[in-house]
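Put the complex together from the two separate chains, hints included.
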Amino acid sequence: MTSPTNVAVTTPTFDDAVARYEPVIGLETHVELGTASKMFCGCSTVFGAEPNTQVCPTCLGLPGSLPVVNEAAVRFAVMIGLALNCSISPWCRFARKNYFYPDMPKNFQISQYDEPLCENGWLDLEVAGKIHRIGITRVHMEEDTGKSLHVGGASGRIHGATHSLVDYNRAGIPLVEIVTEPDIRSPEVARAYVDELRELCRALTVSDVRMEQGSLRCDANVSLRPRSAPGEPAAPYGTRSETKNLNSLRSVERAVRYEIVRQAGRLDAGLRVVQETRHFDEASGTTSSGRSKEEATDYRYFPEPDLTPLALTHEYVDAVRATIPELPAQRRARLSVDHGFSPAEIVNMRNAGVLDLVEQTVMAGAAADAARKWWLNELARRAADAGVAPTGLAIGPAEVARIAELVAAGALTDALARKVIDGVLAGEGSPDEVVAGRGLKLVSDGGALAEAVDAAIAAQPAIADKVRAGKVNAVGPLVGAVMKAMKGQADANATRKLLLERLNA
Amino acid sequence: MAITRDEVAHLARLSRLALSDEELGTLASQLDVIIGAVARVAEVAAGDIPPTTHAVPLTNVFRADITRTSLSQADALAGAPAAEDGRFRVPRILDMDE
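In order, the protein sequences belong to chains A and B. Reading the first sequence from the start, the letters are residues 1 to 505 in my numbering. Reading the second sequence from the start, the letters are residues 1 to 98 in my numbering.
Think of the hints as simulated: they come from the structure by calculation, not from any bench. Glycine included, C-beta positions come from ideal geometry on N, C-alpha and C.
Output of the computed footprint for chain B on chain A, the stretches with three or more beta carbons under 8 Å from beta carbons of chain B:
#1 32–41
#2 65–75
#3 299–305
#4 308–317
Here are the computed lysine to aspartate or glutamate pairs in the EDC-like style, where the Cα-Cα straight-line distance is at most 20 Å:
#5 K97(A) - E28(A)
#6 K244(A) - E181(A)
#7 K147(A) - D85(B)
#8 K244(A) - D103(A)
#9 K484(A) - D454(A)
#10 K244(A) - E276(A)
#11 K97(A) - E7(B)
#12 K130(A) - D195(A)
#13 K106(A) - D75(B)
#14 K147(A) - E84(B)
#15 K244(A) - E282(A)
#16 K441(A) - E405(A)
#17 K147(A) - D75(B)
#18 K106(A) - D298(A)
#19 K244(A) - D183(A)
Looking at chain B on its own, in the form it has when it is part of the complex (with noise of 0.2 Å):
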């Protein structure tokens, strides 16, 4: 399945990224090679094992509804760009997807 240069401008897109019509290709050609790589483990893993997302084997990691002392605005602001009434300021929002 090879990835075609619309799908990595769909991405970069997606991702707010700036490319140019030859790093399209570029980058189209080498993803196509790493999904390749990866396709190969799906030919060794058989239908009975299950899909993997975590190499830990553990489920029900929970914590106690119990508050902690949050940080001060000025320490949660402190390293933000920019800054106004105790809010993070960030530039105009165009009509993005959400």
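With the rest of the complex left out, here is chain A (with noise of 0.2 Å):
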């Protein structure tokens, strides 16, 4: 659909947008399952390998083949149902969705139609210190589609490509479709959910999530309509736009933010929103229109006549519930409620990858804000320096709590513990072996303490004079000075007990 070329249209303000227009949006998530093989075959799943090398009868749609459902991939389906507290069909079909296009060799997916594996569930989200339920509306299993490669136009595009040429790998690795009710309101909400959601697949060990690899994607439908005054009833839905293939957080969060303003504009405009598909441009954060969705598309879905019905029975999705391990948001409460982290705290520890170490260095015995300091400040950003993950440091959770315990009990400096990281870093052994081996020992008692401080007040007769005469904080200036002449070997505190103790005050 054109609209009129005489209609200008202004694009208002994110913030005027929204003041005027509520968003509705909806969420599509596609999440590859971490199989070994495929769907409906014995193929790979692997990622990355030589075009057409993991195909076979099956997943090619060669005649007399027959697919066959992996028992793995309804577990780890029902494992995502049951996590967002959906309830599991007992009986439930899957059905052809008819198609013309190269992607499935078959010229249809097997899909899920009106009896999906999953319904009527819910995902809780903390948003800015608010809770959010996300409605989810069903979860259902499909197989993974080829893989497209548009030669001869700009860019990949499909438009003005003279052919393209297709790698079946990926056809028939399974994937769940995670869909939402129309209740998320905002952009950050669209992103978290997206976020929350990921968490929880990889708590799961269901998929590897990557959304740069195209293992977790999503596409946003996205409305407004006007605001209603208070006490008055809501406005009917608008007609959305459905936004394909987001493949990274910020793309969500930015794409639901330009189709708002966007919509917007027409509406301001009096025009109305075309029902359509849309691509997302990540170079120009811009979303262009698709194919129209005004003729209903048409998959003819039908009961797929190669594959038995699922009927799970209450004992295996009991089995399957017994596997589900503690889930983000529980743990985001155990470690607010054992270890006192703030919510903030804990996902700064995520989004830098140190979480699970953080929490086995308090079991190591670390006080926990230790933990959390050592890893996040220190560690974190030797490994990004390094150019590796926390975890592919060459000093782990034991040797850290052993450090954060050496701080605690006053045997080292935090700058003392900084070179015993080096040392461990450096492959000099353990915490105690760098500390023997570099001679890092605290000082804090001793001749040569008793010298420095010595020294010191020898060095600063005006400070010196001061603390005689009761300024006790006068002091600072010649801790400093001992801490110098003992290479920060010093302890703080002994040295000052023993300074003030020479100078009488």
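The structure is reproduced here in structure tokens:
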């Protein structure tokens, strides 16, 4: 559909748009399941193989082949459904979705239609201190499509291409599609939903959820409606657009944001929003029209005759339920209660990739706050400098716990602890071996400290007199001088105590 | 419920069949007869009989998640009308209903 060219559309600012219109957002997320073999055949699912080397008669749709359901894929889908508080259908079928497009060699995709495996759940999110409950309409199973490469056009785009090349390695990899209710009202919450869903799937170990490899991708349905005055009924939903294949959290947020201002601009100009699919362009941050959905797509779904129905028993579902590990929300609650971490600290640790390490360090005996501080401030930075994940550092929770213990006991200062970390990373052995090897023991008594104290007093007589006269707080520069003379290995409290003794303060 | 020429034209488009006006008319009346014949089943089936999609009363036919050797790239592409760079080569994709 083209819009009349004589109508001027001005795009409002985002704040202006959402002041007048309420965004209504629903997300459809595809998650590739981390099974070893495909959904209906034994071909490998490993990413990155040479094209068309993980294919067989079944996933190529050759005559005479028959699909057989991968039990692990069903189990993983049930885990996701249960973790999203869905009810698991006691009986459901697969369906054929018919279309002519070469990304599936069979000319149909095996999916589920009116009988999804999981229905009616929810996922709670916390955004800026507020809990949002996002309804889950359904979770259904299907197979992924092949990958098309468009040749001859500009930068791999379908438009202007002379022909296309298809790799079917991905065709038949098990997918679940997770569909929300239109419960989301802002780009931030849309992003938070995908983030939480990704963490959930990661915790369930049902997918590697690598958005950059397409193992988790998202379509965003966005519409606007006028905000209603308090006490008045909400306006009916507006016409929605569907922006396809968003493959990063940032893209989800940006695409939804762009659609909100674009649609507001059209509505302001008296135009209608066209129901259509749109594509998001990362570079410009804008969406562009795909094909129009004015004429509803007709996939002619029918029950898949080559597959028997799924009739999962209570026993099966209960057995799967028993395998569900601690979920991200439960974990956050536990970390907060047990260790006093704030939601923001937990997010920071998770984003830095150190949450597991911090927890293991606490288990190894460190105080929670010290474990967080060392991993988040010191070791995450060193890992980034070295270009490795924090788990890839040559120092682990046991070593960090020992260092934190030495600091807590007063045997190391933070500065010395960093030197111990240097030594452990350099392969000089355990923290205790590094302390011994490098002579990093904190000095709190003995002749060396006494000499340094006397030298500091002799070097700064004016300050010494002030302290003698009772100004105890003036002792700071002398402590600093001693620390410097001792190359940071003096215990600050012991130094201060000794200085005050000598000055009879 | 009569099958219209428009419905046949829609189906033909979805199925990528080029049908003449004459063929659309013929097929519409033929499909009408077929649908009518199949509809008689509904007269026999009482409300307590669930729709059947399988002749065999089986459920939960699963395979274990075990990988098997795939075809070689050469074998996979052996039946392809055209191939390039280890991939199936297909005519350019226009703005189709995906």
